[in-house]
Amino acid sequence: MESCVKVLDELELTHELKVCSAHRNPRGVMEWASSARERGLKVVIAAAGGAAHLPGVVAAWTDLPVIGVPVPTQHLGGVDSLYSIVQMPAGIPVATVAIGEAGAKNAAWLAARIIGITDDAVALRHHEKRAALAGPA
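Numbering (our numbering), first residue to last: 1 to 137.
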């Protein structure tokens, strides 16, 4: 998720970083996710591998958009993570990006697009940084 944080920083998006297990600390996840809006968050990016329940559990406890990042695993290369994150019941959506580093980066880009819907400054930074990816015309 270092690459996600790097893109968030490049886009000048303030963010929190929290490491928490949906299985080992479910109460902590519930408390953190259910108070996300009150803390000023606009979007949540949650990465998980294997059983990968963290993004779905977060989505169950907040009404903010949740972006799930599947983490590669040793045995199935992250496909298990992808399936765990993408298969959510109706009404509890998790936007899911690619497995691994590209997905982590795209989670930050997607968060900027979501926030940019109502924040023109974020939309402009997103547009400028994305144009820079293409290089000179």
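No lab work stands behind these hints: they were computed from the structure. The beta-carbon is built from N, C-alpha and C at its ideal position, and this holds for glycine as well. There's no promise every hint is true.
[Said to hold, decoys possible] Calculated cross-link-like contacts (lysine-lysine; reagent style BS3-like; alpha-carbon spacing at most 30 Å):
1. Lys105 - Lys129
2. Lys129 - Lys18
3. Lys42 - Lys105
[Unchecked claim] Okay, the calculated beta carbon distance ranges per label pair:
4. Ala98 - Ala134: 18 to 26 Å
5. Ser3 - Ala121: 20 to 28 Å
6. Pro89 - Gly28: 36 to 44 Å
Hints and how they fare:
Between the alpha carbons of lysine 105 and lysine 129 the distance comes to roughly 13 Å, so the proposed pair stays at or under 30 Å and holds. For the suggested pair lysine 129 and lysine 18, the alpha carbons sit about 26 Å apart, so the restraint of at most 30 Å is met. This hinted pair checks out: lysine 42 and lysine 105 have alpha carbons roughly 18 Å apart, not beyond 30 Å. Taken as a hint, the range 18 to 26 Å holds for the pair alanine 98 and alanine 134, whose Cβ atoms sit roughly 20 Å apart.
Hint check: serine 3 to alanine 121, Cβ distance near 23 Å, so the stated range 20 to 28 Å holds. Checked against the hint of 36 to 44 Å, the pair proline 89 and glycine 28 fails, with Cβ atoms roughly 23 Å apart.
Violated hint: 6 only; the structure is consistent with all others.
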